[in-house]
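S.K.: Listed here are the chains, written in short residue letters.
Number of protein chains: 2
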Amino acid sequence: MKSGLYIVATPIGNLKDITGRAVETLKAATVVACEDTRVTKKLFSLLGLPINKPFISLHNFNEEEKSQEIIDKIKAGNLIALVSDAGSPLISDPGYKLVKKCREQEVYVTTIPGVSALVSALQLSGFPANRFMFAGFIPNKDKARKDLFEELKNIPAT
Amino acid sequence: MKSGLYIVATPIGNLKDITGRAVETLKAATVVACEDTRVTKKLFSLLGLPINKPFISLHNFNEEEKSQEIIDKIKAGNLIALVSDAGSPLISDPGYKLVKKCREQEVYVTTIPGVSALVSALQLSGFPANRFMFAGFIPNKDKARKDLFEELKNIPAT
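As you go down the protein sequences, you meet chains C and A in turn. For the record, in the first sequence the residue sitting at position 84 is 83 according to numbering that gives the first Met the number 0, with numbers rising by one throughout. For the record, in the second sequence the residue sitting at position 50 is 49 according to numbering that gives the first Met the number 0, with numbers rising by one throughout.
Just so you know, the hints here were simulated from the structure itself, not pulled from any lab data. Ideal placement from N, C-alpha and C gives every residue a C-beta, glycine not left out. Just to be clear, a hint being listed does not mean it is correct.
[Unchecked claim] The following label-pair restraints were derived from C-beta to C-beta distances:
no. : chain 1 : residue 1 : chain 2 : residue 2 : range
1   : C       : Phe-60    : A       : Pro-49    : 17 to 25 Å
2   : C       : Phe-60    : A       : Glu-150   : 33 to 41 Å
3   : A       : Ser-44    : C       : Asp-35    : 38 to 46 Å
4   : C       : Asp-35    : A       : Glu-150   : 34 to 42 Å
5   : C       : Asn-61    : A       : Gly-76    : 52 to 60 Å
6   : A       : Ala-27    : C       : Lys-1     : 34 to 42 Å
Starting from the given sequences, assemble the full structure and let the hints guide the process.
M.R.: Right under this line is the structure:
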């Protein structure tokens with residue numbers, strides 16, 4: 000596998016919900032970028048994968064500064080696996096700024112696709128899924144939550 | 000595995016983009032509901048899975064009538080695997096009416112999640128994916144396409 004950023008989906012509820020290609024990529028990665036290194040190291044152990052390589056924490060609060068560090072590692076020949084705590088990275092998870100920067104600097108980016116909570120929820124909802132909107136996390140505060148629902152109620156989609 | 004409707008995601012571009020649980024479920028299924036039986040039988044062959052069981056075609060034009068037939072089979076003890084030609088069923092693919100009917104008749108429905116083109120496209124786009132709208136297939140006709148884009152341009156999301 001060539002050097003680059005590999006966006007790898009990991010299991011959500013069932014350890015068997017991972018593809019063969021994802022396991023191969025996590026094994027081949029020379030560096031792992033993840034949200035919480037403890038969570039991801041635990042996943043590696045459960046999957047029987049080696050953890051004797053650098054694990055870098057990338058989250059909403061350090062993404063701006065960490066992204067260039069990661070890109071420099073790719074330029075130096077590393078194969079970086081980007082994972083979130085669970086599911087498909089970037090969908091309501093960090094990573095978008097890193098991908099954008101990779102694009103700008105013409106660094107190889109690919110996805111090793113897999114499970115996503117969003118897709119599962121839609122499938123099981125009993126609602127039409129040929130048109131829908133994903134609005135992200137719902138705010139905890141009453142006012143912000145009410146404002147969001149007011150805004151969304153006029154959108155013609157699931 | 001108990002009888003019910005199992006919504007199984009299948010590979011899109013790479014045959015290795017399927018989870019272990021999906022392969023097990025396709026193997027255990029007593030009936031397969033799919034869009035195009037030729038496409039799905041070919042996939043089974045490529046994956047080394049047995050095709051000596053009924054394959055039922057379920058598409059946008061017969062979903063209403065076929066759904067009850069499938070539910071009756073589940074009630075009779077069958078394990079039905081619902082797949083689309085590729086990717087995650089129900090996302091711009093048939094199946095929603097069947098799931099809705101299962102819910103109404105309290106028939107067991109679950110998802111065996113996997114890859115989805117939508118998620119991959121979002122991850123690689125370089126756009127924020129914490130809020131987005133999926134609008135389905137874009138019409139071929141100029142007028143219909145223009146109307147859709149007019150409608151969408153005011154929606155505050157990717």
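S.K.: Take the hints in turn and mark each one as holding or not.
M.R.: Here is how each hint holds up against the structure:
| no. | hint | in the structure |
| --- | --- | --- |
| 1 | C:Phe-60 / A:Pro-49: 17 to 25 Å | violated (51 Å) |
| 2 | C:Phe-60 / A:Glu-150: 33 to 41 Å | holds (36 Å) |
| 3 | A:Ser-44 / C:Asp-35: 38 to 46 Å | holds (41 Å) |
| 4 | C:Asp-35 / A:Glu-150: 34 to 42 Å | holds (40 Å) |
| 5 | C:Asn-61 / A:Gly-76: 52 to 60 Å | holds (53 Å) |
| 6 | A:Ala-27 / C:Lys-1: 34 to 42 Å | holds (37 Å) |
Checked against the numbered hints given earlier, the structure breaks only hint 1 and satisfies all the rest.
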